[in-house]
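Peer 1: Residues per chain, in single letters:
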Amino acid sequence: NAGVTQTPKFQVLKTGQSMTLQCAQDMNHNSMYWYRQDPGMGLRLIYYSASEGTTDKGEVPNGYNVSRLNKREFSLRLESAAPSQTSVYFCASSRGADNIQYFGAGTRLSVL
Amino acid sequence: EDQVTQSPEALRLQEGESSSLNCSYTVSGLRGLFWYRQDPGKGPEFLFTLYSAGEEKEKERLKATLTKKESFLHITAPKPEDSATYLCAVQAEETSGSRLTFGEGTQLTVNP
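Protein chains in written order, with our numbering: chain A, -17 to 94; chain B, -15 to 96.
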């Protein structure tokens, strides 16, 4: 039972570099989410996709873009990484019916 | 704006010493309140959903309760394996796409 799979698990970038975080779920869920988690800040929503073909901004979308590639996959792109984007990034998915979100193991990103 | 405040930030217990974690929330109509457990280096894991004041749910040594302004996570006779960060989140009635607002969490340590 894979659930929600995130790649990579760890990444170090230099300021100004770009990268894409990948997320895939095998639970046939409609909704997918990207969060960042910082000490003392809790989990903050970056972007979400309520269903295939739609994406919406969350609480902290600046500096990020997303793509809902298909029902399974939802990617997060940093076009020009900044040290303030150093964080742990979590992807989650939910059916929508019971609103329970299931999380991946996270990507630990450092921007130097 | 939806707000979730968890207290205490950290709690140390001896094995067998029961206690409670608090989650105070402000939301424009509650659709659901969620409790998650997060182990170090992992993504949050779903524990409970509560929908209306007076509702209670139990799982092993954990019991979650809900009032109109707060939720408690009661831990009875905890064991070292209960050590984790416990996260509370709310979903507002007007929220689209199952969006959740998370608190910062309570870090629980249970000493043997």
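Keep in mind that a hint or two might mislead.
[Claimed, not checked] What follows is a set of in silico ranges between Cβ atoms, one per label pair, in the way DEER data are often shown:
{"hint": "1", "chain 1": "A", "residue 1": "E61", "chain 2": "B", "residue 2": "Q(-13)", "range": "29 to 37 Å"}
{"hint": "2", "chain 1": "A", "residue 1": "T36", "chain 2": "B", "residue 2": "S2", "range": "42 to 50 Å"}
{"hint": "3", "chain 1": "B", "residue 1": "Q(-2)", "chain 2": "A", "residue 2": "M23", "range": "36 to 44 Å"}
{"hint": "4", "chain 1": "B", "residue 1": "E(-7)", "chain 2": "A", "residue 2": "M1", "range": "43 to 51 Å"}
{"hint": "5", "chain 1": "B", "residue 1": "S67", "chain 2": "A", "residue 2": "G(-2)", "range": "19 to 27 Å"}
{"hint": "6", "chain 1": "A", "residue 1": "G45", "chain 2": "B", "residue 2": "P96", "range": "41 to 49 Å"}
{"hint": "7", "chain 1": "A", "residue 1": "M1", "chain 2": "B", "residue 2": "E40", "range": "39 to 47 Å"}
{"hint": "8", "chain 1": "B", "residue 1": "S2", "chain 2": "A", "residue 2": "T(-3)", "range": "21 to 29 Å"}
[To be verified] SDA-like cross-link-like pairs, simulated, lysine to any residue; straight-line CA separation at most 25 Å:
{"hint": "9", "chain 1": "A", "residue 1": "K53", "chain 2": "A", "residue 2": "G22"}
{"hint": "10", "chain 1": "A", "residue 1": "K53", "chain 2": "B", "residue 2": "E29"}
{"hint": "11", "chain 1": "B", "residue 1": "K26", "chain 2": "A", "residue 2": "G35"}
{"hint": "12", "chain 1": "A", "residue 1": "K39", "chain 2": "B", "residue 2": "A76"}
{"hint": "13", "chain 1": "B", "residue 1": "K26", "chain 2": "A", "residue 2": "L91"}
{"hint": "14", "chain 1": "B", "residue 1": "K63", "chain 2": "B", "residue 2": "E42"}
{"hint": "15", "chain 1": "B", "residue 1": "K26", "chain 2": "A", "residue 2": "I82"}
{"hint": "16", "chain 1": "B", "residue 1": "K26", "chain 2": "A", "residue 2": "G22"}
{"hint": "17", "chain 1": "B", "residue 1": "K26", "chain 2": "A", "residue 2": "Q4"}
None of these hints come from the bench; they were simulated from the model. Only a predicted model underlies this, so the values are computations on that prediction, with no experimental measurement involved. Don't be surprised by glycine CBs; every beta carbon is placed ideally from N, CA and C.
Peer 1: Now look at each hint and say whether the structure bears it out.
Peer 2: Now for the hints, and whether the structure bears them out:
1. E61(A) - Q(-13)(B): 29 to 37 Å: holds, 31 Å
2. T36(A) - S2(B): 42 to 50 Å: Hint holds: Cβ distance 45 Å, inside 42 to 50 Å.
3. Q(-2)(B) - M23(A): 36 to 44 Å: violated, 30 Å
4. E(-7)(B) - M1(A): 43 to 51 Å: violated, 32 Å
5. S67(B) - G(-2)(A): 19 to 27 Å: Distance hint for S67(B), G(-2)(A) is violated at roughly 40 Å.
6. G45(A) - P96(B): 41 to 49 Å: Since G45(A) and P96(B) have Cβ atoms about 44 Å apart, the given range 41 to 49 Å holds.
7. M1(A) - E40(B): 39 to 47 Å: holds, 45 Å
8. S2(B) - T(-3)(A): 21 to 29 Å: The hinted range 21 to 29 Å is violated for S2(B) and T(-3)(A), with Cβ atoms some 49 Å apart.
9. K53(A) - G22(A): Since the Cα atoms of K53(A) and G22(A) sit roughly 33 Å apart, the hinted pair is violated (cutoff 25 Å).
10. K53(A) - E29(B): holds, 22 Å
11. K26(B) - G35(A): Violated: K26(B) and G35(A) sit about 29 Å apart, past 25 Å.
12. K39(A) - A76(B): Holds. K39(A) to A76(B) sits at ~17 Å (cutoff 25 Å).
13. K26(B) - L91(A): Satisfied, since the Cα-Cα distance of roughly 14 Å is no more than 25 Å.
14. K63(B) - E42(B): Status holds; Cα separation ~16 Å.
15. K26(B) - I82(A): Distance of about 17 Å is within 25 Å: holds.
16. K26(B) - G22(A): holds, 17 Å
17. K26(B) - Q4(A): Distance ~17 Å between K26(B) and Q4(A) Cα, so the pair holds.
Of the numbered hints stated above, those contradicted by the structure are hints 3, 4, 5, 8, 9, 11, listed in ascending order.
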